[in-house]
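Q: So the protein lines, in turn, are chains X and E. Here the working numbering is used: the first residue of the first sequence is 14, the next is one more, and so on. Here the working numbering is used: the first residue of the second sequence is 14, the next is one more, and so on.
Just to be clear, a hint being listed does not mean it is correct.
The list treats identical chains as one, so a pair stands whether inside a single copy or across any two.
Here are the simulated lysine-lysine pairs, DSS-like style, with alpha carbons at most 30 Å apart [said to hold, decoys possible]: (1) 70 - 245; (2) 250 - 184; (3) 256 - 220; (4) 49 - 148; (5) 131 - 119; (6) 250 - 131; (7) 251 - 131; (8) 131 - 118; (9) 70 - 88; (10) 256 - 174; (11) 131 - 94; (12) 219 - 118; (13) 103 - 224; (14) 94 - 70; (15) 220 - 94; (16) 219 - 256; (17) 131 - 88; (18) 131 - 103; (19) 94 - 184; (20) 220 - 131; (21) 174 - 119; (22) 152 - 256.
For the record, the hints were derived by calculation from the structure and aren't laboratory data.
There are 2 protein chains.
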Amino acid sequence: MRIKLTIEYDGTEYAGWQIQPNEITVQQVIETAIFKITGEQVTLTASGRTDAGVHAKGQVAHFDTNANISPDRFKNAINSKLPNDIRILKSEEVDGEFSARYSAKKKTYEYRFYIGEKSPLKERYALNAEYLDIKSMKKCAKKIVGEHDFKCFCSSGSSVKTTVRTVYSIKINRDGDFISVFVTGNGFLYNMVRYIAGTLKAVSDKKISLKEVEEMLFSGVRLNAVTPLSAKGLTLKKVEYDKKQIKNDKK
Amino acid sequence: MRIKLTIEYDGTEYAGWQIQPNEITVQQVIETAIFKITGEQVTLTASGRTDAGVHAKGQVAHFDTNANISPDRFKNAINSKLPNDIRILKSEEVDGEFSARYSAKKKTYEYRFYIGEKSPLKERYALNAEYLDIKSMKKCAKKIVGEHDFKCFCSSGSSVKTTVRTVYSIKINRDGDFISVFVTGNGFLYNMVRYIAGTLKAVSDKKISLKEVEEMLFSGVRLNAVTPLSAKGLTLKKVEYDKKQIKNDKK
Numbered sequence: 014m015r016i017k018l019t020i021e022y023d024g025t026e027y028a029g030w031q032i033q034p035n036e037i038t039v040q041q042v043i044e045t046a047i048f049k050i051t052g053e054q055v056t057l058t059a060s061g062r063t064d065a066g067v068h069a070k071g072q073v074a075h076f077d078t079n080a081n082i083s084p085d086r087f088k089n090a091i092n093s094k095l096p097n098d099i100r101i102l103k104s105e106e107v108d109g110e111f112s113a114r115y116s117a118k119k120k121t122y123e124y125r126f127y128i129g130e131k132s133p134l135k136e137r138y139a140l141n142a143e144y145l146d147i148k149s150m151k152k153c154a155k156k157i158v159g160e161h162d163f164k165c166f167c168s169s170g171s172s173v174k175t176t177v178r179t180v181y182s183i184k185i186n187r188d189g190d191f192i193s194v195f196v197t198g199n200g201f202l203y204n205m206v207r208y209i210a211g212t213l214k215a216v217s218d219k220k221i222s223l224k225e226v227e228e229m230l231f232s233g234v235r236l237n238a239v240t241p242l243s244a245k246g247l248t249l250k251k252v253e254y255d256k257k258q259i260k261n262d263k264k
Numbered sequence: 014m015r016i017k018l019t020i021e022y023d024g025t026e027y028a029g030w031q032i033q034p035n036e037i038t039v040q041q042v043i044e045t046a047i048f049k050i051t052g053e054q055v056t057l058t059a060s061g062r063t064d065a066g067v068h069a070k071g072q073v074a075h076f077d078t079n080a081n082i083s084p085d086r087f088k089n090a091i092n093s094k095l096p097n098d099i100r101i102l103k104s105e106e107v108d109g110e111f112s113a114r115y116s117a118k119k120k121t122y123e124y125r126f127y128i129g130e131k132s133p134l135k136e137r138y139a140l141n142a143e144y145l146d147i148k149s150m151k152k153c154a155k156k157i158v159g160e161h162d163f164k165c166f167c168s169s170g171s172s173v174k175t176t177v178r179t180v181y182s183i184k185i186n187r188d189g190d191f192i193s194v195f196v197t198g199n200g201f202l203y204n205m206v207r208y209i210a211g212t213l214k215a216v217s218d219k220k221i222s223l224k225e226v227e228e229m230l231f232s233g234v235r236l237n238a239v240t241p242l243s244a245k246g247l248t249l250k251k252v253e254y255d256k257k258q259i260k261n262d263k264k
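Construct the complete structure from the given sequences, taking the supplied hints into account.
A: The following block contains the structure:
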């Protein structure tokens, strides 16, 4: 059967999601935990990689197993073998056609800033900014929302067929000293959310104008003032799928 | 001149405040930073030690220096030599009679819980509890507030003259899934706040009754159900002094 996992992790100590030699990754730690329970060497397929240091509140991954464990029991069984910074939030059976990667319809990321002086107790999940001009960030966000060729917001090294993506919404919320940017889209290029956050910040800092943001999206040429912001501020919040591919255990 | 520092730190990676052999401590890291700036080997005196893993939002410490640096400039100078998890929030000149330790009048600690399922992104600064009965915790807090012999809330190994202390207030606030217990007193014994938090939790869990809390405070004999809770939930929030001992640079 195919099992879908919903996963939360603090990415600080990991070299990202995907397995790579000589590095500790989230995928590897969870696959090892599954091996300890089932004796099976499974391969987890995630909705997408997260980079070194990026966090997740709702990463999704699937794997196939012949183990005689009921789908919802995988959650506690795997958790019993995981460190405190990785946690399975949900385990459920899905159709064999379900793919955590290819069936994903929508993803939401949060990029978090905190304003004011640097604070050790705020540093772990947010990027410090002396000041943010939320009003101009919201104006910039409006330019980015929509279907665009986002090649200007993509780090080199990725090999995708097309760099056209649709950003459905960008919401900016303030909660005390924390300012969160929620970006929802049908998919994201390598480093795309960190570039979007960097663009909002560059506009807030008056390093680039709204006109220049439009031009970047049109020309695909990124201005030097736009850099991908630090991984620690980024959290994969949610991955959404069509409901019909998720089996109901209770039937 | 004597300099008073107000300090924030994430205590996770440190073996507490106080210098000890073969361990990295907050005191040692700050003293090393001061040495890099002034060339002086100063000794920092803090309001009190914090244990391994305990955080601070407003720890206070003082040191004496002959360096030709204006008092408020120490802040940025020291910060330039500190790691991200320790930060000087304020530096100011104080009277030679001021002692961060002996002049302290009041201290406030926060003990933070989060309720619901375990969450990697909430684990760092709070202790997970499935459920907390805030109403009975508040009743328990009322029993603890006041002047008492708190020897039942003191780990062995401390050598204090008296175990009588005054707890001025215990406030319990809820913010979403987070429940914070703020304890203000004229001073605290070794592990005292972690025992107070443990007592509130034991009452919430119905492991001990309010009557038994009263009896513990009266007899000084701690019940086994009361344990000091994990360091990670504890933050030293504020240390208060008489204003008159703080010099005004601008005069």
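Q: Against this structure, judge whether each hint is valid.
A: Hints and how they fare:
1. 70 - 245: This pair counts as both: shortest intra-copy Cα distance 13 Å, inter-copy 21 Å.
2. 250 - 184: Within. Shortest intra-copy distance 13 Å satisfies the 30 Å Cα cut-off; inter-copy 32 Å does not.
3. 256 - 220: Answer is neither; intra-copy 43 Å and inter-copy 43 Å both fail.
4. 49 - 148: neither (51 Å within a copy, 42 Å between copies)
5. 131 - 119: Classified as between; 26 Å across copies, 34 Å inside a copy.
6. 250 - 131: Answer is both; intra-copy 25 Å and inter-copy 17 Å each pass.
7. 251 - 131: Both: 29 Å inside a copy, 18 Å across copies.
8. 131 - 118: So residue 131 and residue 118 pass the 30 Å test across copies only (28 Å; inside, 37 Å).
9. 70 - 88: For residue 70 and residue 88, the Cα distance is within 30 Å only inside one copy (15 Å; across copies 36 Å).
10. 256 - 174: within (27 Å within a copy, 66 Å between copies)
11. 131 - 94: between (36 Å within a copy, 14 Å between copies)
12. 219 - 118: Neither, since 34 Å and 46 Å both go past 30 Å.
13. 103 - 224: neither (44 Å within a copy, 41 Å between copies)
14. 94 - 70: within (19 Å within a copy, 34 Å between copies)
15. 220 - 94: Intra 48 Å, inter 29 Å, cutoff 30 Å: inter-copy only.
16. 219 - 256: Neither, since 43 Å and 42 Å both go past 30 Å.
17. 131 - 88: Between copies, since 12 Å is at most 30 Å while 37 Å is not.
18. 131 - 103: between (35 Å within a copy, 12 Å between copies)
19. 94 - 184: neither (36 Å within a copy, 37 Å between copies)
20. 220 - 131: For residue 220 and residue 131, the Cα distance is within 30 Å only inside one copy (22 Å; across copies 41 Å).
21. 174 - 119: within (19 Å within a copy, 63 Å between copies)
22. 152 - 256: neither (34 Å within a copy, 46 Å between copies)
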